[in-house]
Each structure stands twice: as C-alpha cells, then as structure tokens.
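> Read top to bottom, the protein sequences are chains A and B. Here the numbering used here is used: the first residue of the first sequence is 1001, the next is one more, and so on. Here the numbering used here is used: the first residue of the second sequence is 53, the next is one more, and so on.
I should point out that these hints are in silico values taken from the structure, not numbers from a laboratory. Yeah, the Cβ is synthetic: ideal placement off N, Cα and C, and Gly gets one too. Don't take each hint at face value.
To be verified - If the Cβ cut is set under 8 Å, some of the chain B residues that face chain A in the computed set are:
| hint | residue |
| --- | --- |
| 1 | Asn82 |
| 2 | Ala91 |
| 3 | Gly110 |
| 4 | Phe112 |
| 5 | Gly121 |
| 6 | Leu139 |
| 7 | Arg155 |
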Amino acid sequence: DSGVTQTPKHLITATGQRVTLRCSPRSGDLSVYWYQQSLDQGLQFLIQYYNGEERAKGNILERFSAQQFPDLHSELNLSSLELGDSALYFCASSVEERIGDIQYFGAGTRLSVL
Amino acid sequence: GQNIDQPTEMTATEGAIVQINCTYQTSGFNGLFWYQQHAGEAPTFLSYNVLDGLEEKGRFSSFLSRSKGYSYLLLKELQMKDSASYLCAVRSSGGSYIPTFGRGTSLIVHP
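For reference, chain A alone in the conformation it holds in the complex (with noise of 0.2 Å):
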C-alpha cells in the first residue's frame, strides 16, 4: 500500500458526460501528479499540483481541469467524454519538488467511456 487513495476504483459512463477522480495523497506529501495510462500509451503525464498551486502541465486536454485543496486532496475532472478517454487515470503524491524526490502511485481508477 503506497498510501495514496484513489476513489471510486472504477466508473463507467457515456459519452458527452462529466466524471470526478478523487486522490488523497500520503500523508506529509505536498506534489499531487495526475496521469493517464492507455492501452496504446504509456503513462502520460497530465498535470501537476505543488501546496495547492498548479505547478507543471503535460498532455492534458482543454476537457480536463483539476485542483488541489487545502487539505491537499486532488480532483480531476473529465468533462465532454469521448471513448478516447477510456484509460487507467493514476494519482501519484512525492513530498516535495526537489532531485531524488520520488512519486508513489494510487491503485488508479478505470474510467470506461460507452
């Protein structure tokens, strides 16, 4: 058990719907990553949340938003689902932003868009 808390662990839904993820980072961690896992990608890097402030973003789509809280749980927010969007969404936490900071994961939740 990483200590990071993903929720719900899966969710299916249709298409042109709106879904949240939700992730508890462990405890004392302050980076919240979010990523997406595809059958024909890799882990793609989504975006990054740093203390409640959006630090860096990768590939993520102008349909998806997320934010950090103050208790520093993180949602993600898909939004106009497509079927492209089927996927592992992963949650990852690491304590700060510094070199040999490490990321653990949540289990994820697998999104089905039908």
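Start from chain A and add chain B according to the hints.
Same frame as chain A, now just chain B:
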C-alpha cells in the same frame, strides 16, 4: 525533449537472471527511476539512480551510465510474481521535476 527506449517484451525462466535495458536521450539529467507495474495495478517504485554505478536492493539491482545514456534493471532468482511491466523513467534538468516514462518492458516469467 526526451526519448526513452526499452524493449517491448522479454521472457525468462523461473530462477534465472534477466537484464532489462533502458536507453535515453535528454537535455540534462536529474535521475532515472525504475518502477514495476502489474497489469491493471499501480506502478511501484523499485529504484532511483542519479550517479553512475550499481545500486543493489535485494534481488533487484539497477545500473546507470550517464555518459552512455544507459541504464539496466537486473532481476535475480526470478519468481513467477516478477511477471510484470517494468517502467524506466528519466527526470531531466531545466526546472521541471516531472519524470518522463518509457513505454515499459513486459516481462513474462515461465516455469
């Protein structure tokens, strides 16, 4: 940008030793990570190398050569439970602490 290459798939026999290679090209270097990922599960941290040489941790060892842009993960005394995908990730210098992940090497261990 960064380019990370790993073999797509490898097979090995239970009890044997296997070496999974990773080559990378990056503008600046701030560390290389190896993660293990079982199908449908979370990536699990295995090792971190930032200096040249070998880091040993139980049955797993990781090697880095920065001048060659090369790393390998060595798994000894293979067990069936080692069947998984092994992800190489590189952190470059230049302000971002986000590592870039390779596509992973799927290791199949057979009896």
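> All hints are to be evaluated individually against the structure, with a verdict given for each.
Quick rundown of the hints versus the structure:
1. Asn82: 5 Å, holds
2. Ala91: 10 Å, violated
3. Gly110: 17 Å, violated
4. Phe112: 15 Å, violated
5. Gly121: Violated, about 18 Å.
6. Leu139: 7 Å, holds
7. Arg155: Holds, because the Cβ-Cβ distance from Arg155(B) to chain A comes to roughly 4 Å (cut-off 8 Å).
Checked against the numbered hints given earlier, the structure breaks hints 2, 3, 4 and 5 and satisfies all the rest.
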